[in-house]
Amino acid sequence: MVEETLRPARGSVGQLVRNFVRKRDFYAGGLVILFGLVMALKGPAYHLGTLMHMGPGFLPTALGIVLIFLGILIAGSALGVPEGEDEDLLPEHPEWWGWACILAGPLGFILFGSYFGLIPGTFACVFISALGDRTATLRGAAILAAVVTVFGVALFSYLLQIPMPLLAWRGL
Amino acid sequence: MIETALTDLWYGFGVAVQPHNIMWCFIGVLVGNMVGVLPGLGPLATISILLPLTFGIKPVGAILMLAGVMYGAQYGGAICSILLNLPCHPPHAVTCLDGFPMTKQGRGGVALGLTVMGSFVGASWGITEMIFLSPVLVVIALEFGPAEICSLMLLGLLAGSTLARGSPIKGVAMTVLGLMLGIVGTDLETGAERFTFGMTHLDDGIELVALALGLFGLAEFMNSVNQVSQVNTKYTNVRLRDMRPSKADIKQAIAPMFRGTLVGSLCALIPGTGPTIASFVAYATEKKISRHPEKFGTGLIEGVIAPEASTHSSVQGDFIPTMSLGIPGDAVMALLLGALMIQGIVPGPQLIKEHPDIFWGLVASFWIGNIMLVLLNVPLIGIWVKLLTIPYKYLYPSALFFVCIGVYAANNDMFQVGETIVIGILGYVLLRLGFHPAPILLGFVLGPRFEENFRRAMLISRGDILVFIERPISAVFIGLCVLLIVLQIYVRLRGPKNVIPAPAALESAE
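So the protein lines, in turn, are chains R and A.
Per the working numbering, residue 933 is the first one in the first sequence, and the count goes up by one each step.
Per the working numbering, residue 543 is the first one in the second sequence, and the count goes up by one each step.
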């Protein structure tokens, strides 16, 4: 007990800092502070005004300051709580491929949809994102994409009349 | 008072039974019932996808359908919990504790039958509450000036973000982030463009559908890809005649059912405490007053019917502040309010007077919808259970397509699909950092109205910030805000006390 309190201050501070930056809440607080900073610094540029005649920059600046304060509280609470079990930022099994496919699917919808129309857009979206599953095969993904395309076109284009060309050629 | 309410209700039934309104209500509860069973696709994502498709129909039909999805999903969620031990929707997580043991004893059908009964009673009570309480609230709320509206919104936002699950500070941070996202775009009063970063596509602000589907669609898929295991459908053969409870069962269920209903309706009155908290409180109450609390968790009827009745009574009750004051209690209500705003209807106390067809039509459709659900639920359980065997690897790519086309259809703008991707990444990062993204939606929907009223209040008081505590009603709301914060700090300092062992999967389920 006595020995612990007598330990060299530098070492314990270093230990503290190292523990601190491992905490998930440290990053959570940091992210909130970052959002707050963007608002608080950009807000005044929109003209603050006075309390009576508030300008468009008033509320953003005020909210930004509140966010910075909350961020400090969140990061600070990481100091107080004992080591949690799950402090990793990434999940146990990071699914980089799955995530990439899920994000690439809508991207495919945007690209193929705007250049070639609804049918290629739908197919690309479902096909690409279906590949994100670990057990997916090219053939399985293609069949699923085809089924969803037929169903989707019937529902959205014919029944609900979404104004998007089925097939188009806008050049590249 | 009662007489006018009944006349209005009669008028509401006239609106709700118009053939096309009945149709929209039916589609809503059917879709809701289905997604309630499907794990990984909650009512939030479903309502967001359907939202753009309702632009073409009249506001009454649109809101009947979207609300139908909301309470329809509650009926479906119970099936998931009781038959599969899957708490796919947080309000029904606690039902697993006694529902699944009943299924294992071969009494799953009885549990489902009683649940349907309890749900209907709970919902009916919630609707009755709405009929008589909303007009009273409106009379009070019509006296509100900008200062009162502002403090009331503050209370709603604070309650919505701190009483939900997770760290209260993080919840508040998410609400403020939501307010910030609501600010993006052209300032209505001065025309200044804020946080658009030079992108003209953002002039009209961030699209509500894109935000909701980014947070509750994309981020959710990223969270569950390759994580969802095949469900165990061993116990799911439930026949119709298994569902009829015996007289003894009903006798055992009646008292807990009414207690659960009461708990739910009380929870609905406190802003921010939605169905999830209501169901937990109801379960805890049953356990506390029971003569044999040790038997809970082994398949007791009380442990199933009390939380379910409470959930439904609270779900219907949640509509009270949303429709009569324009203050949503949780993310789903915020989304429904957003749907009304897109249709050009200003939420707030004047809504009942200006659009009686929407308010009373909605109330009447709740009853019609709930009766439909009772009738539907029984024969459809078999089909829903079959749906559960669809592997996630087919489900999420198809859902992604619905997300894309839903966001596109909102404004026929591909840029907004891009918005969804960016918000989805942000949402997943926030999830990993231990934030719950639901309060973002609350702040986003209330943000512009909060700013408008805050400005007006300041203009009227000539820049005197003390106006919020000088006006009595406003002071009460501010006082409640302070009380809420003090209570949170007090609970924090005393250390968390877990009354109920939450199923492990609950933490990740939303």
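Read the hints as simulated data drawn from the structure, not as lab findings.
Please note that a few of the clues may not be correct.
On the chain R side, residues computed to face chain A include the following (Cβ under 10 Å) [to be verified]:
{"id": "1", "residue": "957"}
{"id": "2", "residue": "989"}
{"id": "3", "residue": "998"}
{"id": "4", "residue": "1025"}
{"id": "5", "residue": "1039"}
{"id": "6", "residue": "1041"}
{"id": "7", "residue": "1052"}
{"id": "8", "residue": "1054"}
{"id": "9", "residue": "1061"}
{"id": "10", "residue": "1065"}
{"id": "11", "residue": "1098"}
{"id": "12", "residue": "1099"}
All values derive from a computational prediction rather than experimental measurement.
Beta carbons: idealized from backbone N, C-alpha and C, even for Gly.
Hint by hint, here is what the structure shows:
1. 957: Check passed: Cβ of residue 957/R comes within 7 Å of chain A, closer than 10 Å.
2. 989: holds (8 Å)
3. 998: holds (6 Å)
4. 1025: holds (8 Å)
5. 1039: At about 6 Å, which falls below the 10 Å cut-off, the nearest Cβ of chain A leaves the hint on residue 1039/R intact, so it holds.
6. 1041: For residue 1041/R, the interface hint holds, since the closest Cβ of chain A sits about 4 Å away, which is under 10 Å.
7. 1052: violated (13 Å)
8. 1054: Residue 1054/R check passes; min Cβ-Cβ to chain A is 6 Å, inside 10 Å.
9. 1061: Cβ of residue 1061/R sits 4 Å from chain A, so the hint holds.
10. 1065: holds (4 Å)
11. 1098: Violated - the Cβ of residue 1098/R stays beyond 10 Å from chain A, reaching only about 13 Å at its closest.
12. 1099: Residue 1099/R check fails; min Cβ-Cβ to chain A is 16 Å, beyond 10 Å.
The structure fails hints 7, 11 and 12 (numbered hints given earlier, in ascending order).
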